[in-house]
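Chain order of the listed sequences is A and B.
Each residue of the first sequence is one higher than the one before, starting from 85 at the first, in this note's numbering.
Each residue of the second sequence is one higher than the one before, starting from 85 at the first, in this note's numbering.
Misleading hints may appear alongside valid ones.
The list makes no distinction among identical chains, and a pair is therefore deemed to hold if it is satisfied within one copy or across any two copies.
In silico lysine-lysine, BS3-like type, Cα no more than 25 Å apart, as pairs [as the list claims (entries may be wrong)]: (1) Lys155 - Lys357; (2) Lys185 - Lys270; (3) Lys154 - Lys358; (4) Lys316 - Lys354; (5) Lys145 - Lys90; (6) Lys316 - Lys110; (7) Lys270 - Lys357; (8) Lys300 - Lys155; (9) Lys357 - Lys186; (10) Lys270 - Lys229; (11) Lys91 - Lys120; (12) Lys180 - Lys90.
Keep in mind that the hints were calculated from the coordinates and are not lab data.
Just so we're clear, the structure is a prediction, and the values are computed from it rather than from any experiment.
There are 2 protein chains.
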Amino acid sequence: MRIDWKKITSSIYSKIKKEIESLDKKPILWVILVWKNPVSLRYIKQKERLATFCGMWFALKQLDHNIPEKKLIETIEEFNNDRNVSWYIVQLPLPKHIDTKKILRTINPNKDVDGFSPENVGKVMIWDNTGFIPCTPLWIIEIIKYLDINPEWKNITVIGKSNIVWKPIAALLMNAWATVTVCNSKTRDIRSFTSGADIVICAAGKPNLLTLDMIKMDTVVIDVWFTIVDWKILWDADFENIDIAGVQITPVPFGVWPLTVAMLMKNTLKAYKKANIGIKS
Amino acid sequence: MRIDWKKITSSIYSKIKKEIESLDKKPILWVILVWKNPVSLRYIKQKERLATFCGMWFALKQLDHNIPEKKLIETIEEFNNDRNVSWYIVQLPLPKHIDTKKILRTINPNKDVDGFSPENVGKVMIWDNTGFIPCTPLWIIEIIKYLDINPEWKNITVIGKSNIVWKPIAALLMNAWATVTVCNSKTRDIRSFTSGADIVICAAGKPNLLTLDMIKMDTVVIDVWFTIVDWKILWDADFENIDIAGVQITPVPFGVWPLTVAMLMKNTLKAYKKANIGIKS
């Protein structure tokens, strides 16, 4: 049974659109793109389409794939210092020759609407809401809210090992008093942590890792990650069988992207207010 | 069966002492103290004693308990701007009228040897080791190393809800490929997460929360928190019965403090090297 993400998404987008219409200036979403792989290009296109739909400018700064790390850092510092750029994102992943952590450290946390810089991730951890929360964790919380699930007293299992996705998710859910288990590829018996879970979040990139027999019928499955094998998109959860059985699951494929982008717009609006209306939380 | 923390601690201290002896300048440990409650005062005394033992200067800046938040922030900013102060700590907890998160945001991450500022906590999360790791998580890792336990394939359960202790612990253990569950006071059935755990870390502040029947005989119990009730120190784990039964457990009372302080010295040495020898990681 697919979670009606279209309903969630469209209600969020119409709210954002309305809010942007009421602003004095049309906000600009700056995107720095280095690695032009097919997935990133498709993602960027979607960001452009949705930003435009919401009434924002979309400004893409394309850099050469072979750009030296030092040069990329200089470019980011230009963005940090330019008073006309109030926020921006650096599209990940970056090419192999670049140290992603160094880049994340370079991004000015006050302009980091992706919420990937150490300071913003740390603020999620210590429950300080003056920063920007990464977009994927943000929409997962939105879905949980939409389903009217109170995380208190709930067991939630997260399967995955991508730092910028599941650690903030785990932290946000912990902040909301859920009991959270994080599994990875070196978990002895993943089933022992999924069979009693009220919510399972998959972010592992391992196709068909979660099957129907591993969960309860009233479990909610939120599948974040996908892998492309032989031109086919494969998700972490065995979507078809879980869907048919009536277990609530987020849709595939690319179902989650519009929600992630919606959260980016939300963060951008927060940044706009900080920069232009002087709202300080 | 008590984990021989004295052996661990003394070996760490003799290493630190030796390293400090080899330095050109005697480092200073600056401590800002606001709330002079009995536990903090005792803790500060221990920090002073151990810093002196290791050959460091100990400099205490005592502030009035009723200091306005704004004034405290100004004082911290003075520490941030003073080139003679390369690092410092603000002793927690702070009085109720002060917003701790605002204070943590004010501490310069490069001088924050306690590792409590958002940027440093965030660096633990995204596995960026250029920052300072909070001291309690650091010594827990030391104990696990000392016991020669490889966190890979292990189930580790953390019980607690103090942001600056258990979230970084959970993150560090996740970085080391452990499967980590974090329970809190709103966990439906804590036993279901302790009975299969290889390591249980208690940081809840609820006396006798963990009893012998909730764990395996080969579980390692690391008890971090204690509560004082009627002048008696009570720990989260039912120490006596677990100890007698032969399960490995960290000692009480105050057993963990010297280790925490040792980690503070370690962070201070890291800061010293960054400031004086120009080591940049």
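Item to check | Copy assignment of Lys185 with Lys270, given that the CA separation must stay at most 25 Å | outcome: within (24 Å within a copy, 35 Å between copies)
Next on the checklist: Within, between, both or neither: how does the pair Lys91, Lys120 come out at a Cα-Cα threshold of 25 Å?
Outcome noted: neither (31 Å within a copy, 54 Å between copies)
Checklist entry - Is it within, between, both or neither when you check Lys357 against Lys186 at 25 Å Cα-Cα? => result The answer is between: 20 Å across copies meets 25 Å, while 28 Å in one copy does not.
Next on the checklist: I want to check one pair: Lys270 and Lys229. Are their C-alpha atoms no more than 25 Å apart within a copy, between two copies, both, or neither?
Outcome noted: between (31 Å within a copy, 18 Å between copies)
Next on the checklist: Treating 25 Å as the Cα threshold, decide for Lys270 and Lys357: within, between, both or neither.
Outcome noted: neither (43 Å within a copy, 36 Å between copies)
Checklist entry - What label fits Lys316 with Lys110 when the C-alpha limit is 25 Å: within, between, both, or neither? => result neither (39 Å within a copy, 63 Å between copies)
Next on the checklist: Please sort Lys180 with Lys90 into within, between, both or neither, judging by C-alpha distance up to 25 Å.
Outcome noted: neither (35 Å within a copy, 45 Å between copies)
Checklist entry - Using 25 Å as the alpha-carbon threshold, which applies to Lys155 and Lys357: within, between, both, or neither? => result neither (31 Å within a copy, 28 Å between copies)
Checklist entry - Between copies, within a copy, both or neither: which fits Lys154 and Lys358 at Cα up to 25 Å? => result between (30 Å within a copy, 21 Å between copies)
Checklist entry - How would you classify Lys300 and Lys155 at a CA-CA limit of 25 Å: within, between, both, or neither? => result Result: close neither inside a copy nor across copies, 51 Å intra and 55 Å inter.
Next on the checklist: At most 25 Å between alpha carbons: which applies to Lys316 and Lys354, within, between, both or neither?
Outcome noted: Intra 37 Å, inter 49 Å, cutoff 25 Å: neither.
Item to check | Alpha-carbon proximity between Lys145 and Lys90, which holds within one copy, between copies, both or neither at 25 Å | outcome: neither (30 Å within a copy, 57 Å between copies)
Hint compliance for this structure: hints 1, 4, 5, 6, 7, 8, 11 and 12 are broken, all remaining hints hold.
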